[in-house]
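Participant: What follows is the residue order along each chain.
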Amino acid sequence: MTIARRTMMAALAAIGLAAAPSVQAQQRIEIQWWHAMGGVLGERTNEVAQRFNASQTKYTVVAVNKGNYDEVINGVIAAYRAKRQPHLVQIYERGFMTMLLSDAVVPVHQLMADNNYKVDWDDFIKPVAGFYMHKGKLMTMPFNSSTPILWYNKDHFEKAGFGKPASTWQELEKQLYEIKAKGIAECGSALAGDYHWSLIENYSAINDQPYATKSNGFDGLDTELLFNKTTVVPQIARLKKWLDDGVMQMAGQGFSPEQLYTSGKCATFIASTAAHGSVERNAKIAWSATYLPHEQGVTARNSTIGGATVWVMKGHKPEEYAGVAAFMNFLASTDLQVWWHQVTGYVPLTNAAYKAAKSTGYYDKNPTREIAVLQLSRGTPTANSVGFRFGNFTQIMFAQRQEFEAVVAGKKTPQQAMDDAVRRGNEILRQYEKLHAGKY
Amino acid sequence: MAKAAPARESGLKRAHFREPRTAYLLLLPQLLILALFFFIPAIRALAQAFLLADPFGARSQFVWFDNFTALLSSPEYQSSIWVTVVFTIAQSAITLFVAVVLAFATDRVVRGRGTYRGILLLPYAIAPVIAGILWAFLFNPAVGPLAHLLHALGIPWDPNRNGDHAMILVIAAASWKHICYDYIFLLAGILAVPQSLIEAAAVDGAGPILRFVRIVIPLLGPTFFFLMVMNFVYGLFDTFAIVDAVTRGGPAGATNILVYKVYQDGFINLDLGSSAAQSVMLMAFALVLTVLQFRYIERSVNYDV
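First to last, the sequence lines map onto chains Z and D.
Position 220 of the first sequence, counting from 1, maps to 220 under the numbering used here, and the rest follow consecutively.
Every position in the second sequence, counted from 1, becomes a number in the numbering used here once 440 is added.
Calculated directly from the structure, the hints in this document are not laboratory data.
Hints are supplied without guarantee of correctness; some may be wrong.
[Said to hold, decoys possible] Examples of chain D residues toward chain Z, derived with CB under 10 Å:
hint : residue
1    : 582
2    : 686
3    : 714
[To be verified] With the Cβ distance kept under 7 Å, some of the chain Z side facing chain D (calculated, not the full set):
hint : residue
4    : 133
5    : 135
6    : 139
7    : 246
8    : 291
9    : 318
10   : 320
11   : 402
[As the list claims (entries may be wrong)] Here are the simulated lysine to any residue pairs, SDA-like style, with alpha carbons at most 20 Å apart:
hint : chain 1 : residue 1 : chain 2 : residue 2
12   : Z       : 434       : D       : 502
13   : Z       : 412       : D       : 502
14   : Z       : 135       : Z       : 431
15   : Z       : 265       : D       : 583
16   : Z       : 412       : D       : 604
17   : Z       : 434       : D       : 602
18   : Z       : 411       : D       : 515
In this text, a Cβ means the ideal position worked out from N, Cα and C, and glycines have one as well.
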C-alpha cells in the first residue's frame, strides 16, 4: 500500500519534472535527506520536504526513508565509508556522541554561519536545544523531539470514580490495581516498547536521581553509571510486581503496546507525545493524557527529550551546503514548526512557534498537546535532569534492557540486574573513552 | 572397484586439460567471485577483530586479542554459546525428523500427491522475517490465537517473559521454515530407491513402515548426512532474521544465538571490533563442526548402491 503510493508519487514527481521547463529542472540542486520515519510520521516527514521544494526554485530536497533508526545510522556509516553519504541524515538522540565525535559531520551552527544565516539560537526551547549543544553551540538541527507522557482511558478512570490518574506512583498504583480488580479494564498499563526511556531514564530525571557521574555524562567521557544506587531499583521492582499481578501487560513481539491501549484493553500507557498522530487516527476510546507520575514526597523536575535530529554530513560542494542551510532555515521557521507540532505531536522547536500555537487557542482545544512542553520546562533543571550523554549509548541501553528482562523472567533480583547493567555499561563507557580520549 | 575409481578420475583430468592455462582461465570467474564475496570480507573481518574502531572509521586502535578475551570472559557470550548449541541441535533434529515423516507420508499418498507436495513446499517461499512475524503473532500471549489455545489448556504460555518458551518458539519457527528444504531432498532420495528392492521386501511380507525403516532409510544415508550438515549451517548462520522477528534474542538473552549476537553487536550496537571477533569465532565453530561431521559421521555413511 505504502510502497504503491510511494511509487506512484515518485512517478508523478517524475512527470512533473519532465513537464517543467528543462532549464529550471537543471538549475535545481538536489539535496539527499535520509530519515527513519514510517507510517503517519513518514508521510508527514515527506511532506516537510515537499513544502520546502514548493517554497523556492533553487533546491530540491529528496527525503528517503531508509528504515528504522538503527538501519539509518548503519546505512549512513556504510555510505560514508564508501564516500556516497547523503547531505542530511536523521539520527536518534542516543547516537549524539557517535555522530559528534565521528569527524564526519558539519556542526549546524557553523553551517548556518558559513552561509550567512542569522539564527536566534536563544529562541530554541531550552530542554531541546540543551540536549544537542556542545560547548554552548548547537551541533545538529533538532527535528522530532518528544517526551514521554501518561496516556489514559477517560472512561476507565471515570467508571472507577477517580476522574483522572494520580500524580504519584504510589497513588497511581492503587488506582490501577482497583481498575483491574473491579474488572473495568483487563489491564492497568501497557509496557511501552521504549520503556528504558520513559520508565528508567525519564524516571531518573523527573525524580532528580543521578543516572551517572559528571552530570550524566555531559561533563566528560570519564563518566560512570550510577543507576544501581538510586530509586531506579525499587522502580524496577514495582514494574516487575505489576507485570506479575497482570496489572501491567507486555505486548511482546508481533504486536504493539499502543494497540493494547487504543483498543481499550489497558487503562494507561506511558509513551511519547509523538503518539498523538496515530492515537488520534486509530483510537476508538475516550483518550486523554497527563504528566508522568513521580515518587511521593518528591518535587517533580522536568522530563528529558527523545526523538531525533538532522545531522549535516561532510564531503559535499559549497553550493549544495547553501541549499542545506536554506532547508535548515526552513525547518526552524515558525510556520513549519507550528504545522509540524500540530500534525505530529512533536514538541515545537522554538519559543516563537510555541507562542504562535498558543495564541491561536490551539491548546485550549487540544490540551494534551501542551503537556510535553510544560513537562519539559517544569521547574529548574538539575544536573540529574538535563539529559544523558554517553558514548555507545545504544549498547548501554541494550545491556540495561537485557538485565531488566532477566528481572521480569525471575532470574535476577532488581538489585543484581541493575548492578550487572552498570558493570556492563561501565565497560562499554571505558571502551568509548579509550578510543576517543581527549576529543570531547 | 574402489581402486579403479580414482585412477579413472585422474586420467579424465589429464585427458581434458593438457594445457593448464585453459583450466586456470575456466576457473578464473569462480575464483574471482570467491575472492570478492568470500576471501576479501573474511580477511577484513579478521583484521577488524583486532581493532577497537569508531564506526565511521575516523579512529581505530590495534588492541591485540582484547576483543577475543573480552568475549570469552563475558557471561553473556558464554550463555550465547550454550543457547546456540541447544538451538542448533534441536532445530536440526526436529527439521530432519518431521521432514522424514512428511516425505514418507506423501510418498504413500496416491491421490493428490502433487497438491500435498506443493503445500508442504510453501513455507520455503516465505521470507524469514514474514515467517517470524507470523509465529510471533500466533503465539503472542496477549492476542495470539494459538497462545489463547495454550492458555485454555492451562499452560501459562508467555515467550515475552519465559526464556524457555521463547526458545521453543524460535526452534519451532526456524524448523518450520527449513522442513521444506530437507523434505525436497528426502523426497528425491525416496524416489531414487530402486523399486525392485521395495517389491522384493513386499513379497517377503514386510509392511510399508518396515520397508521404509529397513530399506529406504539406510539407502538415504548420504542424503541424511548432507542434510545434517546443511541444517547445522542453517541453524548457525541463516536464522538471525527469524530470531529478530520472533524474540529479538530475548528475553534476557535466552534466544540470543551467536549469529544474532553478531548482528546485534555489529549493526545495532555498532561495536565493530567485537562483532568481527564474534564472526571469526563463529566461522571457527562451523569449521570444527563440519570437520567433525565429515571425520566421524561420514564413515558410517555408505555411498554404494
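Participant: For every hint, state whether the structure bears it out.
Facilitator: Tested hints:
1. 582: holds (6 Å)
2. 686: holds (6 Å)
3. 714: holds (9 Å)
4. 133: For residue 133(Z), the interface hint is violated, since the closest Cβ of chain D sits about 21 Å away, which is over 7 Å.
5. 135: Violated - the Cβ of residue 135(Z) stays beyond 7 Å from chain D, reaching only about 19 Å at its closest.
6. 139: Constraint on residue 139(Z) not satisfied, violated at 15 Å.
7. 246: violated (11 Å)
8. 291: violated (27 Å)
9. 318: violated (22 Å)
10. 320: violated (20 Å)
11. 402: holds (6 Å)
12. 434(Z) with 502(D): Status holds; Cα separation ~12 Å.
13. 412(Z) with 502(D): Since the Cα atoms of residue 412(Z) and residue 502(D) sit roughly 36 Å apart, the hinted pair is violated (cutoff 20 Å).
14. 135(Z) with 431(Z): violated (23 Å)
15. 265(Z) with 583(D): holds (11 Å)
16. 412(Z) with 604(D): The hint holds at about 16 Å.
17. 434(Z) with 602(D): Outside the cut-off at roughly 37 Å; violated.
18. 411(Z) with 515(D): Holds. Residue 411(Z) to residue 515(D) sits at ~14 Å (cutoff 20 Å).
Consistency with the previously given hints fails for numbers 4, 5, 6, 7, 8, 9, 10, 13, 14 and 17, ordered from lowest to highest.
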